[in-house]
Structures are given as C-alpha cells and as structure tokens.
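> These are the residues of each chain, in order.
There are 2 protein chains.
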Amino acid sequence: MLKDKGEQRTSLASLGEFGLIDHLTANFKITQSSTVKGIGDDAAVLDFESKKVVVSTDLLVEGVHFDLSYMPLKHLGYKAVVVNVSDIYAMNAKATQVTISIAVSNRFPLEALEELYAGIQLAAKMYNVDVIGGDTTSSTKGLLISVTAIGEIEEEKIAYRNGAKENDLLVVTGDIGGAFLGLKVLQREKTVFEVNPNNQPDLDMYSYIIERQLKPEARKDIPPLLHDLDVKPTSMIDISDGLSSEIMHLCKQSDVGCNLYEDKIPLDPQVISTCEEFNLDSTMVALSGGEDYELLFTISQEDFPKIKANPNLTVIGHMTQESEGIHLITRANTKIPLQAQGWNAMDQ
Amino acid sequence: MLKDKGEQRTSLASLGEFGLIDHLTANFKITQSSTVKGIGDDAAVLDFESKKVVVSTDLLVEGVHFDLSYMPLKHLGYKAVVVNVSDIYAMNAKATQVTISIAVSNRFPLEALEELYAGIQLAAKMYNVDVIGGDTTSSTKGLLISVTAIGEIEEEKIAYRNGAKENDLLVVTGDIGGAFLGLKVLQREKTVFEVNPNNQPDLDMYSYIIERQLKPEARKDIPPLLHDLDVKPTSMIDISDGLSSEIMHLCKQSDVGCNLYEDKIPLDPQVISTCEEFNLDSTMVALSGGEDYELLFTISQEDFPKIKANPNLTVIGHMTQESEGIHLITRANTKIPLQAQGWNAMDQ
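For the record, the sequence lines run as chains A and B. Going by my numbering, the residue at position 240 of the first sequence is 310; the numbering climbs one at a time, nothing skipped. Going by my numbering, the residue at position 316 of the second sequence is 386; the numbering climbs one at a time, nothing skipped.
Calculated from the structure, these hints are not laboratory results. Only a predicted model underlies this, so the values are computations on that prediction, with no experimental measurement involved. It cannot be assumed that every hint is accurate.
The list makes no distinction among identical chains, and a pair is therefore deemed to hold if it is satisfied within one copy or across any two copies.
As the list claims (entries may be wrong) - Subject to a maximum C-alpha distance of 16 angstroms in a straight line, what follows is the list of computed EDC-like cross-link-like pairs (lysine to aspartate or glutamate):
hint, residue 1, residue 2
1, Lys405, Glu394
2, Lys322, Asp92
3, Lys235, Glu372
4, Lys235, Glu347
5, Lys107, Glu225
6, Lys107, Glu224
7, Lys302, Glu226
8, Lys405, Glu332
Using the sequences and the hints given, assemble the complete structure.
Right, here's the structure in full:
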C-alpha cells in the first residue's frame with residue numbers, strides 16, 4: 071500500500087508531536103452537542119446531561135489485526151472507528167465521541183498518516199462522532215491504533231448481554247460470513263501477486279465480500295430503528311468474533327440455552343458462491359468467520375410482529391432453558407451442540 | 071526485569087483472549103458510584119448525573135516511553151494509570167474510571183502480565199478509579215499500553231489551559247526535576263551493569279529521584295485542596311514535558327506572557343546534589359526535564375492569601391501582557407526568553 075511512485079514523503083521526525091497532532095486533526099469539526107471541549111487541553115470535556123455514558127475500547131495491531139499489503143490506510147482508519155462504534159450500538163446506544171491514539175514507526179511518511187486520518191475523519195462524519203482526543207507516538211515496529219468510543223443512552227433503553235429469557239427470539243441484522251470470505255479472497259490474491267506481480271486480479275465478482283472486509287459498516291441504524299419499532303432488545307451483542315461465539319456469550323451471561331436454525335442464517339449470494347469456490351461450508355463460515363459487525367439480539371416473542379416485516383432483521387433461533395444447551399438445528403433437522411468455533415463434529 | 075530464576079512461566083498462547091482478560095481483571099472491584107457496569111459487556115455504562123465528563127488518553131510504548139531493563143512491570147502498570155489520571159486532575163476534576171488496553175509479544179509469560187496488572191490494580195486503588203474496560207491483544211514486538219482516563223467535575227470548577235489573565239500568579243505543586251534525574255541515574259547504572267554485571271549499585275542517596283521516575287504519583291490531592299481553599303485556578307496543566315514547555319502552552323492558549331523567577335522554582339535537595347554530581351544546571355533540569363506529573367496553574371492575585379501558607383504550593387512567577395513575551399528572571403536578575411526546551415542561550 072505504501073507504494074512510492076514519487077509521491078511526496080515528509081518524514082515524521084520533521085514535525086514534533088504537537089505539530090503532528092495539530093496537523094492531522096486540523097480539519098476535524100465538533101458536531102455533537104455533548105462535546106463541550108474537544109482536542110487541545112489536558113482532557114476533553116463532555117456533557118451528557120441526564121443520559122448514561124457508554125465506553126468501549128479496542129486495539130488494532132499491524133500484523134495481527136490488519137495487513138497493509140491489502141488494507142489501504144484510509145480504509146484502515148475508517149475501520150478503526152467502525153469496529154469501536156459497533157460496540158456502542160451493541161448497547162442500543164448512540165455513539166457520540168471517539169479518541170484515537172496511534173503508535174507508528176518512522177517508516178511511515180506524514181502522507182501515510184494523512185491517509186489514515188482521512189479515513190478516520192470520513193468515519194467520524196458517517197457515524198456522527200467527534201474525535202475529541204488522542205495521542206501520537208513513535209513505535210519501534212509497525213502501526214498500532216487504539217480507539218476508545220463513547221456514547222449516550224437513556225437508562226431504560228440499555229441492552230446488556232445478560233437479559234435474554236427462555237423463549238425469546240434470537241435476531242441478527244444484515245447478513246454474515248462476508249468479511250471472513252473477503253479476507254480469504256484478499257489473502258489468495260496476495261499470494262498470487264507475490265508469485266507473479268504482473269497478474270491483474272479481477273475482483274468484481276467478490277466486490278461485496280471484499281468491501282465487508284476492507285470497509286465494514288457498523289449498524290448505526292439499528293438502535294433508532296428498534297426505538298421506532300418500539301422494541302427493546304432483552305440482550306444484545308455485536309458480531310465481531312463469529313455468530314457462534316457471540317451466541318455463546320449471550321447464553322452464558324443470560325443463563326439460557328439456544329436453538330439456532332441453520333436454514334434461517336442470512337447469507338449473501340456472494341457468500342454462498344465464494345464458499346463453493348473455496349470448498350467451504352457456508353454455515354461454518356457464518357458461525358466462525360467474524361468481523362461482520364452486525365448486531366445479534368434477543369426480543370420477547372410478543373415483539374415479533376413489530377420486526378417481522380423488516381428486511382434488516384432475521385429471526386434465526388430462540389432461547390431455551392439453560393439445561394437444554396446451545397444447539398444448531400441443521401437443514402436435515404439434526405441437533406448439533408454449538409462450540410465457540412462453529413460446532414463440535416465429534417458430538418454428532 | 072524478566073529474570074528467569076525458575077519462576078513459573080505460563081505461555082499466553084495457553085489462554086485465549088477472553089481467558090486472559092478474565093484472569094487479569096478477576097480481582098478488580100467496582101468502587102465508584104458513577105460506574106453502573108464495568109468489564110464484561112460490549113461497553114461499560116457510566117452515570118455522571120448532572121456532572122461534566124472529562125476524558126484523556128495516552129499511549130506508552132516499550133523502547134520509547136519505558137525500558138523494562140530498569141522499570142519493573144508492576145511499577146510500569148502503576149505509572150500507566152498515574153500519567154493518565156494526572157491529565158484529569160489537570161482539569162481540576164476527580165478521576166473516576168480508566169480503560170486499559172495492552173498489546174504484548176509472546177516473549178511475555180502470563181506471570182509478567184500479572185505483575186503489570188498488580189501495579190494497575192494498586193494504582194486504581196490509590197487513585198480511586200474503576201478499571202471498566204480494555205483490550206488485550208498480541209503484538210509483533212514488545213509491550214504497548216493504552217490508557218483512557220475518565221473523570222467528573224461540576225461545570226463551574228473546570229480549569230482549562232486558556233483562562234490565565236495578566237497579573238495572575240503562576241503556581242506549581244510539589245517540586246520538579248526529580249523524575250528526569252532519576253532516569254539519568256538509572257541509565258548510568260544500566261551502563262555500569264552492562265560492563266560489569268557483578269556490580270551492586272548503592273542507590274540509597276538517589277531514592278527520592280528514582281522513585282519520582284519509577285513510581286511517580288499524580289496530584290489527586292490538589293483539586294479537593296483548591297476546593298477547600300476556595301480557589302478556582304484560572305488555568306491549569308500537568309507537567310509531563312517540563313516546566314518550560316507547559317508554561318508556554320498556558321501562555322499560548324491564554325494569550326498572555328509570563329515572568330518566571332529562577333530562585334522560586336522548588337527543587338528537592340537530592341535534585342540539587344545530583345545535578346552537581348552530573349554537572350547539570352538544576353534550573354535547566356527543572357525547565358526541560360519532564361515526567362514530574364506535578365500541576366501548574368494560575369490564580370488571581372486576590373487568591374494569594376488563601377494559598378501562601380500551603381507547603382504543597384509555590385508561586386514561581388506571574389503572567390504579563392502577551393506582548394511582553396515569556397521570560398526567565400535569573401538569580402542574577404537577568405531576563406532570558408524561555409523556549410520549549412529550557413531557554414535560548416543565544417538570546418541572552
């Protein structure tokens with residue numbers, strides 16, 4: 071990504087730490103009424119009046135969470151914001167602010183950080199969050215991004231992970247498995263490129279799943295949608311580690327079991343066709359893939375009529391007594407115990 | 071620091087990410103009334119009622135901000151909290167919560183992270199802050215700690231950097247220069263140790279300054295003290311980068327100048343004696359050293375009687391018209407322009 075085609079390269083050493091932060095955040099505007107003071111003092115000052123405040127934080131590390139050989143820096147900056155605000159939406163809250171800290175080795179020129187911050191700024195605009203602080207420092211190796219997201223919510227709307235009840239319906243937003251398959255395609259193309267740098271990949275047929283990996287979107291629309299539908303989720307979580315793992319979190323924290331129906335899991339046609347191409351089981355991909363940043367939640371059965379017509383929401387199962395365990399009901403109507411990574415074939 | 075004297079070493083790979091966070095934070099208790107929900111959901115939930123919320127964040131990177139060859143991990147964990155709550159106190163606020171994220175290479179065994187978290191837990195207890203979240207991930211090299219500190223404050227008490235007025239008095243807490251000299255001593259001892267590993271250093275005569283470096287304390291006591299004295303600072307900042315640099319921040323953001331009196335700068339006797347030993351100018355060390363985590367603030371002259379008897383507070387100068395510039399008035403009564411790093415000898 072850091073191609074050097076004669077573009078300008080300004081060394082970071084030529085700017086001090088203060089100069090760098092000022093430069094990178096010069097165009098960032100404050101738009102949230104809850105932001106009293108943003109960047110520029112020892113701390114930012116926020117005012118949530120009577121609302122509750124929600125806080126979540128994530129680290130993204132080069133070589134662990136992203137590979138700059140296929141992740142453009144602008145997309146990376148965008149994704150760093152997305153994965154954090156997703157946690158705020160998973161509380162049924164509104165995201166309002168983020169802080170962004172980066173540690174960066176001197177192999178990055180200023181122009182690379184400008185790209186990164188352009189992505190951060192775009193995401194801040196798309197998700198209506200103010201960038202209110204951060205830290206910029208050097209690293210001995212690679213790039214690391216630390217984001218803390220802050221949001222606000224009325225107390226009665228908060229959706230924790232631990233409120234699911236027996237007979238509640240399990241609902242997922244959007245479709246899943248795409249981000250994982252997008253990564254598979256990108257990894258394959260990287261290998262091809264390393265063997266033959268002249269190879270020009272045609273990625274049109276994978277456009278949706280590659281975008282799910284490189285430019286994921288968080289479900290900012292879901293908390294206000296649920297509010298408009300007059301539905302309060304009994305529990306909620308975001309799908310960062312795969313459907314299976316997140317269902318197990320909800321069940322464990324709510325002391326319930328679950329039946330998940332294989333034929334209900336929403337899959338994009340590109341997910342299905344790419345699974346066939348890679349000889350992967352699409353259900354396994356949906357259960358274990360991760361990074362989809364969709365929301366998974368439970369609702370009372372009586373709320374079903376309110377959501378059933380909505381194309382963004384799919385009922386994929388129902389909660390049971392804890393003693394019944396957590397199972398996938400297959401298309402063949404077999405009952406298989408779910409595990410954190412997919413299912414346990416040995417238990418069949 | 072990571073001596074292997076047959077102590078137990080549990081590889082991080084043997085615990086998953088969830089197991090690691092659960093393990094490291096198992097003993098962490100919630101004590102703040104503003105913490106509704108701590109670790110364990112997509113986000114923490116906080117309730118500040120009508121108070122304003124202050125947020126600050128910092129990154130600490132191995133090889134840049136700390137050297138594990140003389141920084142014990144427990145002290146590092148403690149310091150990571152201290153440097154962040156210091157920014158909250160610099161708003162005249164009360165620190166209430168922190169999030170802690172770490173990226174760590176697999177050269178660290180679980181027992182090393184337990185040491186780090188023991189220091190974090192101790193600092194959380196000393197500073198009355200709840201650890202409400204975080205992220206634990208692997209890094210390709212070294213250790214990195216990202217902390218976000220959160221605090222609360224009544225709106226009318228907030229001390230920004232930009233409120234200093236002409237004729238206000240400039241006040242510093244405690245004494246300064248110690249942390250920098252402590253680092254100098256530790257660096258010298260490391261060099262001696264590398265030449266002769268059998269050398270047993272006698273560091274008793276440096277105990278205060280080494281503690282200032284390895285186990286700094288933030289001025290949690292100052293916001294309530296100022297409240298009790300009925301003094302509201304017109305501006306405030308914490309001294310992380312040296313007195314000179316912080317004075318320039320206050321002046322720049324408040325549009326004022328400053329006269330700083332060399333003979334008023336509070337120095338510990340160990341700072342003076344160690345400066346003599348290292349052949350360093352103690353005023354230069356105080357101006358440029360940094361990492362003291364004392365507070366620097368301005369007050370109206372009419373508030374002087376309220377603070378003059380307090381041994382924690384020293385008046386070191388006064389603010390002037392912006393056009394008069396920022397100067398050090400030396401013991402010899404010479405007026406020298408201050409610069410971000412000490413003073414500019416060329417301007418004398």
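> Hints first: check each against the structure and report whether it holds.
Hint check:
Proximity of Lys405 and Glu394 under a CA criterion of 16 angstroms is satisfied intra-copy only: 11 angstroms inside one chain copy versus 81 angstroms between copies. Within a single copy, Lys322 and Asp92 get their C-alpha atoms only as close as 45 angstroms, which misses the 16 angstroms cut-off; across copies the closest is 14 angstroms, which meets it. Taking the shortest alpha-carbon separations for Lys235 and Glu372, only the intra-copy value of 13 angstroms comes in at or below 16 angstroms, while the best inter-copy value is 63 angstroms. In this homomeric assembly, Lys235 and Glu347 never come within 16 angstroms of each other (Cα to Cα): the closest approach is 39 angstroms inside a single copy and 70 angstroms across copies.
For the homomeric pair Lys107 and Glu225, the shortest alpha-carbon distance between copies (12 angstroms) is at most 16 angstroms, but the shortest distance inside one copy (24 angstroms) is not. Proximity of Lys107 and Glu224 under a CA criterion of 16 angstroms is satisfied inter-copy only: 14 angstroms between copies versus 22 angstroms inside one chain copy. For a Cα distance limit of 16 angstroms, the shortest separation of Lys302 from Glu226 inside one copy, 9 angstroms, qualifies, whereas the shortest one across copies, 37 angstroms, does not. In this assembly of identical chains, the alpha carbons of Lys405 and Glu332 lie at most 16 angstroms apart only when taken from the same copy (10 angstroms versus 79 angstroms across copies).
The structure does not agree with numbered hint 4 stated previously, though it agrees with all others.
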